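Participant: Spelled out from the first residue to the last, the chains are:
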Amino acid sequence: MYIADKNLRNQNIIIRDNGGNSLTSFHTDPLNMDYQRFKQDMNSGVQLSFANNTVMTTEQVAEFLATLP
Amino acid sequence: MSLQQITANDILNLPANTVSNTQLVAGSVENYLSSQGNFITYRNRIQNGEMAVNQRATTSYNVSLSGSSAGSNFLGVDRWSYYFYNVSTTFNAGVNVKQTADHPIKGSNGNCLEIICTTAATPANNVDFFTMTHGIESQNITDIFSGSSALPMTLSFWVKSNKTGTYTVELRDVQSGAGNYYILVTYTIINSGVWEKKVINIPAPTFSSMPNNVSQGLYIQFSYASGLTSTYQPLVANSVGAWSNAYGTNGAAVTTQANLFSNVGNYHRLTDVQLESGSTATPFERRPYAVELQLCQRYLQTFGKLGASQTLCAGVNYPRLGSGAPYQNYAYGAGTSLQSTMRISPSLTVTGNIGGYTITNMATSDGYIVYANNFTTVLDSSGPTWFALRLQNPAGQFNQYATIHATDFDGTGMLILTAEI
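Going line by line, the protein sequences match chains A and B. Heads up: the first sequence begins at 0 in numbering that gives the first Met the number 0, then just goes up one per residue. Heads up: the second sequence begins at 0 in numbering that gives the first Met the number 0, then just goes up one per residue.
Think of the hints as simulated: they come from the structure by calculation, not from any bench. One or more of the hints may lead you astray.
Derived CB-CB ranges, DEER-like [stated by the list, open to error]:
#, chain 1, residue 1, chain 2, residue 2, range
1, B, Ala100, A, Leu7, 38 to 46 Å
2, B, Ile104, A, Leu7, 45 to 53 Å
3, B, Thr118, A, Gly18, 14 to 22 Å
4, A, Lys5, B, Ile39, 44 to 52 Å
5, B, Pro383, A, Leu67, 17 to 25 Å
6, B, Gly164, A, Leu7, 53 to 61 Å
7, B, Val193, A, Ser21, 36 to 44 Å
To be clear about the criterion: a stretch of chain A counts as covered by chain B if any three or more of its residues have a C-beta under 8 Å from a C-beta of chain B, and this derived list gives those stretches [stated by the list, open to error]:
#, stretch
8, 4-12
9, 31-41
Treat the numbers as computed from the prediction; the structure is a model and nothing was measured. We put the CB at the ideal spot given by N, CA and C, even for glycine.
Kindly generate the complete structure, drawing on both the sequences and the hints.
Facilitator: Dropping the structure here:
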């Protein structure tokens, strides 16, 4: 499960809940393997939420992804 | 023998006192190795090939293929990740991956990467495999992958397994454009439970002009199981021992690949992995631990695991994570320098009970305000030489600048910065 969040300067940060008391957060950098995995997971239909934990609809996910590198 | 007759291997294996200083012109050994595209040190393009560095301090982890169509991750020994496909959903192997104290030369004072079958399964035709992968940064192999002047390579390593048979190693140039040039090479484990050294020559990748950047350039993939009689078979067969850009997916293996997961308890141990230029396997380049650690820290750094039962408010035993600024009364940003420059701006993984912090509040007389276990800790921002945490508390308790110390209540907490490749 992923959360689309912002850092304190309003830049995109993606948070992945790994389960078992473990969170991974990362930039939307094409060279970052976590980001590469995020994009693959989005293609596989893994859930993405807003920062307030509201789950995005399919259309909202597509709209959000279109803003990313 | 004349200098023209000796090989790099001869030089590095010269018995003691067989060649006096007067018989070798100063610099001749260095010049000879250099002419072969090799060097006395830093010959090995593999990092942590000796499986010694394990910054996560993970002695063992389990991978269950059941319920997942694919997976990959770095969880244990630095620079080595597992990678599998279970597209069939029937390749439900259980795998234990660990750093094991067993080494062909050092015995129990050395390490290897061990794969153990905990649940037996058979990979389905075409679509299933399990591998361990090591990625190499492009800029570290531009001299080898240099177009028409490309150099041949030699891959050497030690293996020990109770599952004898043929195994595959795949090298793939991921910068070579559509199709990605790759080569499949094989080795055979002849005797059960005995360390065996394998040496494999790789032809020069003359097709490639590796870019000088921080992206992944080449990966090396050791296969432990792969579906047989697959539709890849003709392509795989054609590519064995020669570079090919014919279509073949990641994890491809030869059709005679052994299945390590045929029986519970099967194991495979791997160490002293070396990839070097030239057609001769020189002895494994044993770098000091501190050097190997620093090479690995370009891709992974950790903070934490301070030991069990740390006491709050002591204020001296906790690693200082830097000064923080409050943000709208619900979050702190805290910047910290990394131990060395990483490949790219790292990701942050927070594990265990690191969620407690000691906040030194400069505005109060007692100096400390303690919030325990009530933060969500995520990455605020990072660069190759620094990172900043965002400590977030929905209750809104922050209004002062502060110095922040991580606390680790039970010895499990860890901040892991990754720029893996």
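Participant: If a hint holds in the structure, say so; if it doesn't, say that too.
Facilitator: These are the hints, each one checked on the structure:
no.	hint	in the structure
1	Ala100(B) with Leu7(A): 38 to 46 Å	45 Å, holds
2	Ile104(B) with Leu7(A): 45 to 53 Å	51 Å, holds
3	Thr118(B) with Gly18(A): 14 to 22 Å	20 Å, holds
4	Lys5(A) with Ile39(B): 44 to 52 Å	50 Å, holds
5	Pro383(B) with Leu67(A): 17 to 25 Å	21 Å, holds
6	Gly164(B) with Leu7(A): 53 to 61 Å	55 Å, holds
7	Val193(B) with Ser21(A): 36 to 44 Å	39 Å, holds
8	4-12	holds (count 6)
9	31-41	holds (count 4)
Checked against the numbered hints given earlier, this structure breaks none of them.
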